[in-house]
Amino acid sequence: MFRAITITCLLFHISVVFGHGAVQRESELKDSEIRLFVADNMDGSVIIVDFPDGKIINRVSTSPSIMILAANKDNNYIYAMRGRDTDQDLTSIISTGFDPETGKFRKPHVIRTIETDTPGGPRDNKMATVGGYDAILTEGDAEIVVLMSDVIDGYSELKTKTYKIAAPDHYHYLEGETYLYIGHLFKGFVQVLDRASGEEVGRIKGCPMLHGMTEDEESGRLFFSCARDVMVVGTLGEEKAKQISRIPYPENTGRGCAAFLKGAGRVQWCYTEGIIPRLYRVDLSKEPYQFTTLSVESSIQQSSTHDGKYLMVLSKQGVLYLYDGRDGDLIKTIKVSEPFLGDWFEDVGKAILPDIESHNDIAYITLTHEGRIAEIDLEQGEVKRYIDLGGFPTRIVLLAKETLAK
Amino acid sequence: MNIKIKKLLLGTMMVLVGVLFQSNVLAHADHDKDAIIIKMADIMISLEHFPTSEDQKTLQLVMDSDSSTEQEKIIANAIMNIQHQATSENQQKLQKIIDGTAPTSTVSTLASIVQGFSHGISKTDKRKLQTIKFKG
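Each protein sequence line maps, in turn, to chains A and B. The working numbering applies: residue 1 is where the first sequence begins, and numbers increase by one. The working numbering applies: residue 1 is where the second sequence begins, and numbers increase by one.
If you are wondering where the hints come from, they were derived from the structure by calculation, not from laboratory data. Mixed in with the good hints there might be a few duds.
[Claimed, not checked] Straight line, CA to CA, 27 Å or less: simulated DSS-like cross-link-like pairs of lysine-lysine:
(1) B:K73 to A:K55
(2) B:K39 to A:K159
(3) A:K335 to B:K73
(4) B:K73 to B:K126
(5) A:K316 to B:K57
(6) A:K316 to B:K39
(7) B:K126 to B:K39
(8) A:K335 to B:K96
(9) B:K126 to A:K316
(10) B:K96 to B:K126
(11) A:K384 to B:K123
(12) B:K133 to B:K123
(13) A:K384 to A:K55
(14) A:K309 to A:K286
(15) B:K133 to B:K96
(16) A:K286 to A:K316
(17) A:K159 to A:K55
(18) A:K187 to A:K242
(19) A:K335 to A:K384
(20) A:K316 to B:K133
(21) A:K104 to A:K335
Quick caveat: nothing in here was measured; it's all calculated off a predicted structure.
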């Protein structure tokens with residue numbers, strides 16, 4: 001009897017030891033050229049898709065109702081910011097998964113989630129910065145919250161610096177050489193703050209319904225869209241923090257520029273919010289600045305390639321119109337999806353519209369209504385394939401390996 | 001009333017109307033999208049054979065509400081009386097909505113789905129209803 005009990009005990013201990021023995025640890029590092037982060041607003045997850053194989057790597061669960069998806073300056077982190085259709089404003093910081101030592105990617109994960117009162121600030125899917133650090137503009141309590149930590153992890157204290165903004169509002173922000181420029185939608189002015197002291201330098205007034213902005217890197221000038229025209233503000237030398245000129249819209253449509261797209265050279269395209277029948281064009285190399293108009297099919301989303309070669313306009317009928325990024329000549333049309341039926345009006349609750357990103361003449365479009373992504377060869381003018389994601393894919397952030405730091 | 005006050009009131013009203021029609025303001029305002037249509041789409045997504053008593057309460061509220069449009073009341077009534085499918089009388093009423101609205105409109109889509117309902121929701125119609133619910 002004693003012998004039987006001893007053998008049983010030994011066997012039991014052996015099995016426990018076996019259970020905690022060494023196992024083969026497989027590397028999750030994966031070689032990819034392109035990594036897409038796609039906001040799925042059916043459940044608030046961020047879907048990661050790698051190319052060229054087009055495989056879904058994983059889904060990262062964030063708070064529902066994503067409004068903004070943006071990469072930081074160094075492409076180390078992706079920020080997912082909530083819209084306003086809930087009563088809790090959160091920003092999730094996600095790892096991109098890029099491993100600079102091997103040049104390969106791991107599966108991304110949420111590093112931490114922080115409370116931010118009506119978060120905003122990113123432009124063109126890039127985080128706002130102050131002195132090279134990521135910044136979140138909290139529109140509810142009128143602050144710029146600068147995340148001063150070089151590395152963001154889950155357990156260290158998140159060091160922050162805060163700048164007070166003039167008033168709660170919807171902001172359009174850009175960092176200048178030494179000043180911070182904060183456009184206020186409802187207040188209709190651009191507040192200028194000194195980056196070093198945080199003190200207000202001044203307010204450039206007279207821009208009602210300020211919505212949308214861009215910059216001309218060559219002149220250092222900023223362009224803020226107002227209700228009836230665009231206000232040009234200088235940031236360098238004697239022009240610093242001063243209004244330089246105004247650019248009237250070409251016709252009295254009652255609709256301004258909600259956002260700008262960079263075309264070829266110093267050409268910029270801008271479009272209004274909602275479903276629109278036209279784009280405006282301005283060549284910033286020619287003064288006095290002047291808008292011209294490009295008529296387009298009722299468009300649900302627009303984008304341009306990073307080199308400005310192509311202007312891409314997605315129509316409500318599901319056709320991608322490819323225009324020359326300099327003069328607006330129509331180059332080709334590509335049928336990408338079924339029509340977007342009904343009204344597609346995006347408010348500040350959550351993102352609902354499709355998005356377009358591109359790299360090396362390949363475009364990726366989230367077809368929100370069909371729950372998939374179209375991968376399009378712009379040179380060939382054809383859809384290469386569709387990748388089913390399910391849900392309602394909206395915003396995209398694209399990371400290309402060749403642009404990531406080794 | 002003093003003429004100056006009248007002018008002031010009129011001016012204020014004009015400014016408010018002007019502001020209301022600014023798309024930028026609309027986009028940044030908190031507003032309810034087609035709340036009633038979304039409510040009915042939500043019921044249809046999980047409808048099997050006939051509406052539950054909970055669904056019927058919601059539909060009755062839609063029919064009794066002053067803020068519901070005539071079209072919404074007709075659709076609510078049609079869903080309320082579904083017994084495996086809409087009654088032929090309600091199918092005719094729904095057809096009038098379909099004929100009288102843009103085929104791409106949300107109301108038309110919902111009316112078509114209710115009109116063609118048969119015991120349960122097809123995968124295609126479920127996606128359409130989820131899209132209505134998603135985008136409002």
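Against the structure, the hints come out as follows:
1. A distance of roughly 46 Å separates the Cα atoms of K73 (chain B) and K55 (chain A); the hinted pair therefore is violated under the 27 Å criterion.
2. For the given pair, K39 (chain B) sits about 44 Å from K159 (chain A) by alpha-carbon distance, which is inconsistent with the 27 Å threshold.
3. A hinted pair counts as satisfied when its Cα atoms are at most 27 Å apart, and K335 (chain A) with K73 (chain B) does not qualify at roughly 38 Å.
4. For a cut-off of 27 Å, the pair hint linking K73 (chain B) to K126 (chain B) stands: about 21 Å separates their Cα positions.
5. A hinted pair counts as satisfied when its Cα atoms are at most 27 Å apart, and K316 (chain A) with K57 (chain B) does not qualify at roughly 37 Å.
6. Restraint check: the Cα-Cα separation between K316 (chain A) and K39 (chain B) comes to about 25 Å, which is no more than 27 Å; the hinted pair holds.
7. Restraint check for K126 (chain B) and K39 (chain B): satisfied, since their Cα atoms lie roughly 14 Å apart, inside the 27 Å limit.
8. Taken as a hint, the K335 (chain A) and K96 (chain B) pair is broken in the structure, with Cα atoms around 32 Å apart against an allowance of 27 Å.
9. Note on K126 (chain B) and K316 (chain A): the hinted pairing holds, with a Cα-Cα distance of about 21 Å set against a maximum of 27 Å.
10. Pair hint K96 (chain B) plus K126 (chain B) holds up; C-alpha atoms about 23 Å apart against a cutoff of 27 Å.
11. For a cut-off of 27 Å, the pair hint linking K384 (chain A) to K123 (chain B) stands: about 26 Å separates their Cα positions.
12. A threshold of 27 Å between alpha carbons decides the hint, and for K133 (chain B) with K123 (chain B) the separation of about 15 Å falls inside it, so the pair holds.
13. Restraint check for K384 (chain A) and K55 (chain A): satisfied, since their Cα atoms lie roughly 14 Å apart, inside the 27 Å limit.
14. Note on K309 (chain A) and K286 (chain A): the hinted pairing holds, with a Cα-Cα distance of about 19 Å set against a maximum of 27 Å.
15. For the hint pairing K133 (chain B) with K96 (chain B), the CA-to-CA distance comes to about 23 Å; that is within 27 Å, so the pair holds.
16. At roughly 33 Å between alpha-carbon atoms, K286 (chain A) and K316 (chain A) are farther apart than 27 Å, so this suggested pair is violated.
17. Our distance criterion of 27 Å between C-alpha atoms is broken by K159 (chain A) and K55 (chain A), whose separation comes to about 36 Å.
18. Annotation: proposed proximity of K187 (chain A) to K242 (chain A) holds, straight-line Cα distance about 18 Å (limit 27 Å).
19. Taken as a hint, the K335 (chain A) and K384 (chain A) pair is honoured in the structure, with Cα atoms around 12 Å apart against an allowance of 27 Å.
20. Of the pairs offered as hints, the one joining K316 (chain A) and K133 (chain B) holds, with about 19 Å between alpha carbons and a cut-off of 27 Å not exceeded.
21. Note on K104 (chain A) and K335 (chain A): the hinted pairing is violated, with a Cα-Cα distance of about 34 Å set against a maximum of 27 Å.
Checked against the numbered hints listed earlier, the structure breaks hints 1, 2, 3, 5, 8, 16, 17, 21; every other hint is satisfied.
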